[in-house]
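*Asks:* Sequence:
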Amino acid sequence: MFQFTFGRVYQMGGRPVEAEQLLSKHVATARQLGDEHPDSLQARTYLAISYDDLGRSSEAAELKALVLEKRKNLFGEDHPDTLIAMGNLARSHLALGRPKEAADLDALVLEKRKWLLGEEHPHTLRTMANLAVTYGALGRSEEAVDLDTGVLKKRTQLLGEEHPDTLQAMGNLACSYRNVGRLKEGADLDAMVLVKRKQLLGEDHPHTLLAMSNLAVSYSDLGQFKEAAELKEVVFKKRKELLGNEHPDTLIAMANLARSHSALGRPQEAATLEIVVLEKRKQLLGEGHPQTLLAMGNLAASYEDLGQSGKAAVLKAVVLEKQQQLFGEDHPDTLLAMGNLAGSYSRCGKWKEAAELRVVVLEKRKQLIGEDHPDTVLAMAELAASYGDLGRSKEAADLQTMVLERRKQLLGNEHPETLLAMGNLARCYSALGQSQEAADLEIIVLEKRKQLLGEEHPKTLLAMGNLARSYCDLGRSQDAADLETIVLEKRKRLCGQVHRDTLQAMGNLACSYRALGRSSEAADLETLVLESRKRILGERHPHTLVSMRNLAVLFRDLGRSSEAAELDALILKRGKDGEFLVLLSLVHMSTT
Numbered sequence: 001m002f003q004f005t006f007g008r009v010y011q012m013g014g015r016p017v018e019a020e021q022l023l024s025k026h027v028a029t030a031r032q033l034g035d036e037h038p039d040s041l042q043a044r045t046y047l048a049i050s051y052d053d054l055g056r057s058s059e060a061a062e063l064k065a066l067v068l069e070k071r072k073n074l075f076g077e078d079h080p081d082t083l084i085a086m087g088n089l090a091r092s093h094l095a096l097g098r099p100k101e102a103a104d105l106d107a108l109v110l111e112k113r114k115w116l117l118g119e120e121h122p123h124t125l126r127t128m129a130n131l132a133v134t135y136g137a138l139g140r141s142e143e144a145v146d147l148d149t150g151v152l153k154k155r156t157q158l159l160g161e162e163h164p165d166t167l168q169a170m171g172n173l174a175c176s177y178r179n180v181g182r183l184k185e186g187a188d189l190d191a192m193v194l195v196k197r198k199q200l201l202g203e204d205h206p207h208t209l210l211a212m213s214n215l216a217v218s219y220s221d222l223g224q225f226k227e228a229a230e231l232k233e234v235v236f237k238k239r240k241e242l243l244g245n246e247h248p249d250t251l252i253a254m255a256n257l258a259r260s261h262s263a264l265g266r267p268q269e270a271a272t273l274e275i276v277v278l279e280k281r282k283q284l285l286g287e288g289h290p291q292t293l294l295a296m297g298n299l300a301a302s303y304e305d306l307g308q309s310g311k312a313a314v315l316k317a318v319v320l321e322k323q324q325q326l327f328g329e330d331h332p333d334t335l336l337a338m339g340n341l342a343g344s345y346s347r348c349g350k351w352k353e354a355a356e357l358r359v360v361v362l363e364k365r366k367q368l369i370g371e372d373h374p375d376t377v378l379a380m381a382e383l384a385a386s387y388g389d390l391g392r393s394k395e396a397a398d399l400q401t402m403v404l405e406r407r408k409q410l411l412g413n414e415h416p417e418t419l420l421a422m423g424n425l426a427r428c429y430s431a432l433g434q435s436q437e438a439a440d441l442e443i444i445v446l447e448k449r450k451q452l453l454g455e456e457h458p459k460t461l462l463a464m465g466n467l468a469r470s471y472c473d474l475g476r477s478q479d480a481a482d483l484e485t486i487v488l489e490k491r492k493r494l495c496g497q498v499h500r501d502t503l504q505a506m507g508n509l510a511c512s513y514r515a516l517g518r519s520s521e522a523a524d525l526e527t528l529v530l531e532s533r534k535r536i537l538g539e540r541h542p543h544t545l546v547s548m549r550n551l552a553v554l555f556r557d558l559g560r561s562s563e564a565a566e567l568d569a570l571i572l573k574r575g576k577d578g579e580f581l582v583l584l585s586l587v588h589m590s591t592t
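Heads up, the final residue of the sequence shown is numbered 592 in UniProt numbering, and it's a clean run with no missing numbers.
Simulated from the structure, these hints should not be mistaken for laboratory data. Computed from a prediction, not measured in an experiment: that's the story for all the values here. Virtual Cβ for every residue (Gly too), placed ideally from N, Cα, C. There could be a bad hint or two in this list.
Think about it this way: if two alpha-carbon atoms lie no more than 27 Å apart in a straight line, the pair counts; the simulated DSSO-like pairs of lysine-lysine are [claimed, not checked]: (1) 408 - 448; (2) 184 - 154; (3) 184 - 198.
DEER-style ranges, computed between Cβ atoms [what the hints assert, rightly or not]: (4) 79 - 408: 29 to 37 Å; (5) 447 - 574: 39 to 47 Å; (6) 456 - 42: 48 to 56 Å; (7) 191 - 559: 25 to 33 Å.
Work out the full structure, taking the sequences as your base and the hints as a guide.
*Replies:* Okay, structure coming up:
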């Protein structure tokens, strides 16, 4: 019995290796009672949980399927223990990338519990919440909202507003709201959960810290990156104090804080944290654990922010290979890893290889989850981007048009993903020389984002910058400069003088100044950009080299040929062919 007791303690304490060792011994002991004894089946159920914790999802699913069959034979399909086993197997199907099978089981459990226990029984409501999660994985996000709303309403009536299960339901609904683009409503619910949990459980309770972490996610979605980082910092510090440096929840908090550093333009701080997370997870969970692979992917993203696209691609290739070995070619995480590697190839200028991978991802997602699933539509958008990189602008525009139409149908005209698709289609129009059509779309995107996200949200400012580019293409350089001045001032105030987005805005304004014949002011701005990028990113970073290139062009405009030549020589000395040449294709300042 001690093996079971201490195994469960290790399980709940975030020590999955020790838990699995003890629970395996407990299973061997319990089997002496017979393979079909209830204690033997319970032992296997908890061992399956340890397999889940260790990333051994296939073994977990096999055990859960065995327990389900045994319980069906012993107790029948309607017994409470059989229904628990059915729900457990549904969770494994979800982890293995089989959301349809998970939904079928969850729906069956829900119908049986409604019939046996009634619509308001806690087990029925828990099953309804599980089905909502599965619907989210299937891209049926509105149905997930409906289910989560129903659960919250029932729990509020039956248990009151402050019951832990009610607050859990509130957090679930907040997540579903985020998935359908109702960001403000999601954040409001998350804030309410946090306030209630602080009052009821105290500031250090794990559920309070989880609520704080969820609110940080909502703040990030709303573009409030500083507020998100502050919350994540608190969660990280408290988990270190309460759980220790190596607890899985502490490492999750560290990884979350790293993402905030990245959003705030601090890629080196992000990478430093992510290296720690990766090393700890390798030691504690092994190199092939899903959480280890997630950490590897996050570190790769930070390497890209640091201009180290080659290193990022190497890491992402490792992640893809491991995912293929662990889960097979068709698992959602494998396809995600393939898409991520394609992104790195694209940044390195390996556009053909990127497109080939993206074709595979799109075809597999069409087969596995259907043409209308959000992940399939995303794969279509990413392939369109590859076609754009390859100069196949018409094919890119055709695909982006399909993406936009599908998102309008599935998500509505005002969903963030719909507006993103509209902006992407505008970029395709620009590449085809249809600058007026591009500007028309970008005006819509800008107005919608102002209404939905506010005038200072990063995505609103991005839309404003994109519209400025279209105005430039149309020869409306003064209008472009006016917009870019607004973007720059807002970025300075919101992000600081040296944030990557602020520096990008400064470079864009310099481009418009040049078009207006204000080359001296443009050179002053570009000099600031270059000095900041040298200091923050280093002299070899592709963005630094692009700034050098832009400044060299401006120096030539101003007759400062010797200074331009010095910069050209530096570019040749510092530049790395692949990464730098890719970024040169994005430079607005023409040398002709």
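*Asks:* Check each numbered hint from earlier against the structure, then list the numbers of those it violates in ascending order.
*Replies:* 4 and 7
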